[in-house]
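Enquirer: Line by line, the protein sequences give chains V and R. Position 43 of the first sequence, counting from 1, maps to 43 under the working numbering, and the rest follow consecutively. Position 330 of the second sequence, counting from 1, maps to 330 under the working numbering, and the rest follow consecutively.
If you are wondering where the hints come from, they were derived from the structure by calculation, not from laboratory data. Take the hints with a grain of salt, since some may be wrong.
[What the hints assert, rightly or not] Covered by chain R, according to a simulated footprint, are these stretches of chain V (three or more residues, beta-carbon under 8 Å):
| # | stretch |
| --- | --- |
| 1 | 326-333 |
| 2 | 345-351 |
| 3 | 354-361 |
| 4 | 365-377 |
[Claimed, not checked] Distance condition first, Cα-Cα at most 30 Å in a straight line; then the derived DSS-like pairs of lysine-lysine:
| # | chain 1 | residue 1 | chain 2 | residue 2 |
| --- | --- | --- | --- | --- |
| 5 | V | 283 | V | 314 |
| 6 | R | 327 | V | 392 |
| 7 | R | 281 | V | 344 |
| 8 | R | 281 | V | 365 |
| 9 | V | 392 | V | 320 |
| 10 | V | 51 | R | 327 |
Backbone N, C-alpha and C fix where the C-beta goes; we use that ideal spot for every residue, glycine too.
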Amino acid sequence: MSEQKAIFEARGIEKAFPGVMALKGVNMTLMPGSIHALLGENGAGKSTLIKVITGVHLPSAGTLLLDGTETQFSSPRDAIAKGIGVVHQERNLFPRFSVAENIHLEQLAAGYLKPINYSALNEGARPWLEALDLDIDPATPVSELSVARMQLVEIAKALSLQSRVLLLDEPTASLTSSETERLFTILRRLRDGGTSLVFVSHKLEEVQEICDRVTVLRDGANACESRSMDGIGRHDLVQMMIGRAEGAAAWRHRDTTGQPEVLGLSDVSTSLGHKGVNLSVRKGEIVGLYGLVGAGRTELAKAIMGKFKVTAGKVQVNGKAVTIPNVASAIHDHGLGYISEDRKSEGLILQHSVLANAGVPIWRKLAGRFGALRDKRIHDAVLPYLQKLEVKTPSLNQTVANLSGGNQQKISVAKWLAAGVQFLIVDEPSVGIDIKTKAYLHELLRELADAGTAILVISSDMPEMIALADRIVVMDDYHITGEVTNSGVYDDISHAIMGLIHDAEEDSGAVVPLKEISV
Amino acid sequence: MTIQDINSPPGATGGLSRTRFFLSNEFGLILLIIVFAVIFGLSARGFLSPFNLFTLGRNSAINIMIGLSMMTVIVTGGLNLAVGAMGVSAAMVCGWLIEGLGVPWPLAILGGLAFGAALGFINGWMVVRTGLHSFIITLATMSIFFGAMIFLTRAEAFRDLPAAFSAFGKMKFANYLSPLLLVTLAVAVALAWLYRATLTGREMLAAGASPAAAELSGIRVDRMVILCHMLSGGLAGLAALMLVARNGAAIPSMAGQLGQDWLLPAFLGPVLGGTLLQGGKVSVLGTVLGAFLVTMLSSGLLMLQVGAFWVQTFLGLMLLVAVLLDKARRSYLARRNLA
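Isolated chain R (complex conformation) (with noise of 0.2 Å):
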């Protein structure tokens, strides 16, 4: 422990980061997928077939997109309830613009997920504002959100969408690999890059671990948080997107009343990932990790044939335990002094 230590220069801590990396959330995370393949692989017939990969892939693509969206404000020390109605309302713009407007696609998706993040503007506006925690302006603004779409769109789908979208939605490489997902894993480097490497993403970290001393270290706060929640609204908006392409249309209740589908699957990627419900510390791979083993054990377990609710069940089941082994892994880091 002296000075001479800290002339290495980071990373050079070979040894210990590779003990490190084997107790870390991630590798755990790895470990899971792998077992509950190969017990998948073996028990639930069709599980590894092409077309079940494909269709785990889409929808994986998409849940892991809605797990970054609501990683983005947990890195604030909030939360995004909203996640789903600003998604959708965000598709419904898109599909509006072309249906009613007819702007050309390309147009109309950046002109939706703009509007996403507009959306996730006003929430981060009024949590600066107002000083309240997000957990309440967002519960309020998922009902405002949801409820004004239901009105303005009178709760009807646009389906007359190009043939460009569903095309991508059906695509495959190599007969099992969706582009969905090739989409969320450039978001997740992207976001990764983001947080690992550039000044934005520094400092937003820097103001969710602690706000106080944040600002007095010359980091605007305020437009961190807002900036964060636009982010989030943006991802949303590409998550629904997402799921316009799957199912070839836009429509309202496609992440069902209130958008609240997406809460447990936009909860479980961050959490499981080993990101902090306080702020401040992220895990993009970890969230990835997460979402996708979230996605492949509903799959794994209705192919198996149990039934939906018990899935439901078993995915709560999973958060639990999930939270309680992070406890004893880092308990136990902090006895040895790892962490």
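Isolated chain V (complex conformation) (with noise of 0.2 Å):
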């Protein structure tokens, strides 16, 4: 393959923001027919770079080369009419669109006056979704897609671009590991051929499943130049991304078994679906909820949390049986708690503070006489957990909008520490997060599942779920179709989760039965 010439070179990329270089100097060497991983912590630089090469930010200095000519992209539009395109980390979409209308975004007619055919704009959106297997009518308003097909639907608009270059930035955040093999099974046809595939994730596995070569980005430089991925084992990443080697933080037993159950839910049916759902959480108990996108796993998040309507069945919390009519009550009167897994219009309010952020589920219990709350004792009561989860801000004042991903995600996971609750629901904890964060945040969970809070994860992610969770709870389609307690042995337990779904898949329809399965 060294003999092959590079279908697309960096040299020198450097980036400057108002007070920050986000890049010193990058390199990188894409091949034609391969997949390239590009790798590096949250605030590296990698979503920068990728918006260099994509024409959205015109780089300070260093040069593009495009089959060894060099070349500047005044615009995206410009860098796709050359054959580069992109699948964003931030969703790209137009909500009120049709799915169609968004893949053809570029091209929706001939010319500006003429009428836009709707049924070739459908017909020809069809394809792009068959090819990952995503059965939506192309008719379909983007916003009534769930966050996971948005991801593919997006990854479909890139696709049908046929470009030269692909980059793809975090594509898998959001789906499940069976989208995910999908989503691989289509990158690998591109790659043979001859597409020049570019693939971030802080996924390793993913990484080291399909990718033949790496470029590792460590503050704005490269950590590595772009090369081979051979004979690059999982712990050379790591240690090239965060410069020292991984802590480990694995799977530890821990017995509840003897603990109280602090959240129960018999034969619970819902207004939105769900039927004789059943599920028993104790005290410092683990709980993953584990399923594919769509089944329903934050939807019966939500009616926990008073979100929807319980129609039918019993909550209990603490062994008392309970109606939660609203959010609120959940968390002041039950001491419930959710962390949202849509950060930027569920978890937080970007536009104001760090400090009011995170203060907002406990406000109610700081307030003094008439209502009166104080800067100081909101200050006093977040900032330990703020530093705890080493949220790196410039001042508590900072509007949380300008703050980094990873920051924001520990934001919206200080406020529910503070807030002391007896019960979290944690949905997907970890989705755009680095290693080093994700670690830490898996450990912060069993301490504090440790300390007494019973925590039931939502993760499509399935190491995340096994490295996690105590025992499993596996839904699909608004029914629990079983159960796996967590052995911590990577192979078995994906087997047995994988078995509960794909058995509930074959005989869908029929009532499945409740299944424990020991491992």
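Can you join these two chains into the complex? Each is in its own frame, and there are hints to help.
Expert: See the structure below:
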């Protein structure tokens, strides 16, 4: 492969933002017919580099070479025209537009005044959706899709551009393992067709599975120049990314069988379509709720929190049957908490300060006479947790929107630590956060459980689930299909879980008996 | 940018916050007020006379109150087109309580304010229950409230109000200060305290900034929206009662047809003052300064014998220029990483 010519090359790229040098002379070489991993921690400069390559940012210095000749992208459109496609980390879809309109956004009609031929548009979108095994009517508005499906539509859109270089910034962040597998099959097919792919992910298992070349960034510079993945192991990658070896934070056996139940659901149905859901979380226990995207996990969490109605069955908190009329009651009366998977719109108030965000759930507790609320008290109450999570911010008065994704996630977790709830639902805790923070977060959740908090973890990330949970409950199509006691052995548990999902899918429609599988 | 930085208590960043103040909206408004005061003081005869200062204070007291009434709803990311209709209705109820039922005037005032808040409750409740934007709801209730009020009062004014009313409107401290202005400033201080240092105020801001996040953090967003509308109704009622004190009578047409005369001052104050129309961010001081600037400009221009219609044109232009300037200021701050 070494005698092949590079399709794209970035040389000595520098990018300065006000007050920050985001890239300090980065090199990257992309080969045709290869999947290239771009690795680095949050803030290492991956997204900035991608934005430079795709024409979003103009580099402050350095050159870009396409097929060996120097080039410049004046705009993202220009880059697309020259064969560089991208799936950005942030969603870039228009929620009110249909799937087909989003996919063909660059070319809706032949001319400015020509009418749009919608049936042709929908037909044109279908192959790209089918390529991803995505069973969606192209005329559906994007706003009606789940987060994961939006991600897949975005990938379909990038595929439709038929780019020679395709950059994917954390494409698997909200996908389940089966969706990820499907995506990988397609990526391999593209690679074999000669496309040069760039794959950004925090999940090293995936990187090792699919990538053949790698570039690692650390603090805006190359920790490793573009090279082949041959002979590079997970430890080497981590070492390059964080500059030292990875601290082991593996699963450990925790026994909570003697503890009292904090939250119990028996035969619960909800207005969203859950039927006969049984779930029990004990004090100090970490229960995983695994399922494919769209299985109804987040919805169940929100129903527990009182956002949606429980129409039948019994909800028990500390052994007492309760009816939770709204989220405020769940938090303030029953001590339940929910860390949303969608931190930007549900987890945080982006335009408010760090301090204002971190304190919201405890405001009522801290308010004095006449509802007076003093910044000093909030500050003292939340600071230990922000420090514990190593939130990096110039000051607590900083607007949250200006912080990096990882820091935002830390704040949305810190806020619930400060709230001191007895039962915490954590929805996709590590979407978009780096290895160091992820390991730290896992350890933190374990500590929290050891201190007596009952935790329900929702995740589509199998390794994460197996690293964290004591017990894994599997949900499919708004039903609980079974549960697995975690032994920490990846292969056994992942087989057991996938078994529970596929059994349910094979005889879909039929009522699936609840099974207990011990491994 | 290390962890040590977050150890410093809030407000300890002296140097930076001072720079920030000089770039703030409020500082810009103070500067404009001084500049125009000097211009008018030099060019318009009688602008700085005690009598003109008295009327200026009295008029700005009412305009500021109208601006504050709108501001409390803008906090939720909505708006209240019915401010005028609600205010006048509340004032008419107060007049009816006094003249029709013989209720003592202090109680009648409370009754009027409560009625304003009740109208606000109707607005807020409908916004929450229907999920429609407050623009639509208050556009409808503006006509409903005003029409019902005209029907019930037969478009007749209450003129036999106790002398205390007009006496209060005419009262002067030190020959030029109207007590109405003091009432307004007291309300402004109370609102500033509400948003800065109380649970309810914080919850209103959070609910306005991001309803979804606020709800999942344990805030009763619905209640907060209703409460904001009730506050708006009460303040609109207060503004109308101040107008009654100035006029010496409760007149159905004192805010124009459908109360529309109030809309420009209602929006000018908060928008000039830097209250975010998307909700979640508020500047009470800015609203006060903005509404004051607008009142002063109209007064000064009229004294320079610029025609009344030109004054309207000028105010409209000013709204546009202010918004553009604010946009420039914001992007400057963003580029310097100050905000």
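Enquirer: Looking back at the hints listed earlier, which ones does the structure fail to meet?
Expert: Hint check: 9 fails alone, others pass.
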